[in-house]
Amino acid sequence: QSALTQPRSVSGSPGQSVTISCTGTSSDVGGYNYVSWYQQHPGKAPKLFIYDVSQRPSGVPDRFSGSKSGNTASLTISGLQTEDEAEYYCYSYAGYNWVFGGGTKLTVL
Amino acid sequence: QVQLVESGGGVVQPGGSLRLSCEASGFSFSSYGMYWVRQAPGKGLEWVAFIPFDGSDQYYTDSVNGRFTISRDNSKNTLFLQMNSLRFEDTGVYYCAKGNGWWPDHWGQGTLVTVSS
Numbered sequence: 003q004s005a006l007t008q009p010r011s012v013s014g015s016p017g018q019s020v021t022i023s024c025t026g027t028s029s030d031v032g033g034y035n036y037v038s039w040y041q042q043h044p045g046k047a048p049k050l051f052i053y054d055v056s057q058r059p060s061g062v063p064d065r066f067s068g069s070k071s072g073n074t075a076s077l078t079i080s081g082l083q084t085e086d087e088a089e090y091y092c093y094s095y096a097g098y099n100w101v102f103g104g105g106t107k108l109t110v111l
Numbered sequence: 003q004v005q006l007v008e009s010g011g012g013v014v015q016p017g018g019s020l021r022l023s024c025e026a027s028g029f030s031f032s033s034y035g036m037y038w039v040r041q042a043p044g045k046g047l048e049w050v051a052f053i054p055f056d057g058s059d060q061y062y063t064d065s066v067n068g069r070f071t072i073s074r075d076n077s078k079n080t081l082f083l084q085m086n087s088l089r090f091e092d093t094g095v096y097y098c099a100k101g102n103g104w105w106p107d108h109w110g111q112g113t114l115v116t117v118s119s
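Taken in sequence, the protein lines are chains A and B. Under this note's numbering, the first sequence has 26 at position 24, and the numbering climbs by one with no breaks. Under this note's numbering, the second sequence has 24 at position 22, and the numbering climbs by one with no breaks.
Rather than coming from a laboratory, the hints here were simulated on the basis of the structure. Worth double-checking, as some hints may not be accurate.
To be verified - Ranges between beta-carbon positions, derived for each pair:
| # | chain 1 | residue 1 | chain 2 | residue 2 | range |
| --- | --- | --- | --- | --- | --- |
| 1 | A | Pro63 | B | Asp75 | 45 to 53 Å |
| 2 | A | Asn35 | B | Ala42 | 26 to 34 Å |
| 3 | B | Lys45 | A | Pro63 | 23 to 31 Å |
| 4 | A | Gly104 | B | Arg89 | 18 to 26 Å |
For each residue, glycine too, the CB sits at the ideal point set by N, CA and C.
Sequences and hints are given; from them, build the entire structure.
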């Protein structure tokens with residue numbers, strides 16, 4: 003049950019795009035289309051932003067998009083806004099195991 | 003709207019026990035699997051346990067298997083986590099989360115568990 007691998011930090015300026023990667027194995031990310039992404043602001047509960055690799059819950063802006071290739075999933079945020087600054091966690095189902103990434107701190111410069 | 007309210011956290015000595023509760027409202031509790039997820043201070047999220055909608059099975063991360071027990075009372079819309087033989091490394095905020103398929107969608111605000119001597 004190793005954590006999925008995410009970069010510790012990424013940054014971008016308002017209006018730019020950033021991509022956060024999430025690398026797992028064929029037992030988790032590569033084996034199932036059940037990858038989710040969560041946003042967490044300091045002191046707050048996580049919030050679901052992407053599920054099933056690329057689906058957005060209602061209320062999530064279409065600036066947020068998800069994709070997957072092989073054992074690596076990605077979250078792309080376009081048109082960065084200051085309120086996007088937060089920690090982002092990927093997550094994958096792994097066959098009656100559930101595994102999160104280590105988290106990526108997004109800084110909007 | 004979905005609401006999840008955790009309670010039962012606190013300070014406990016190593017080897018001690020705590021029972022967390024999560025009261026659910028705003029959805030048909032008995033139709034959904036439920037998760038416990040924790041977050042150590044300054045660290046990332048870690049899945050702890052999962053229970054299907056009917057409580058027919060329980061699944062645990064390796065580090066808590068045999069020490070923690072997840073359960074639910076569908077008549078009271080409440081999820082539980084019984085934590086025994088607590089260790090320093092169990093310290094953190096414990097979140098309950100509603101399942102949607104194989105992922106958590108809505109989360110509570112969390113309850114803090116501190117294991118300290």
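For each hint, the structure was consulted:
1. A:Pro63 to B:Asp75: 45 to 53 Å: violated (38 Å)
2. A:Asn35 to B:Ala42: 26 to 34 Å: Given about 29 Å between the Cβ atoms, the range holds.
3. B:Lys45 to A:Pro63: 23 to 31 Å: Distance hint for B:Lys45, A:Pro63 holds at roughly 28 Å.
4. A:Gly104 to B:Arg89: 18 to 26 Å: holds (21 Å)
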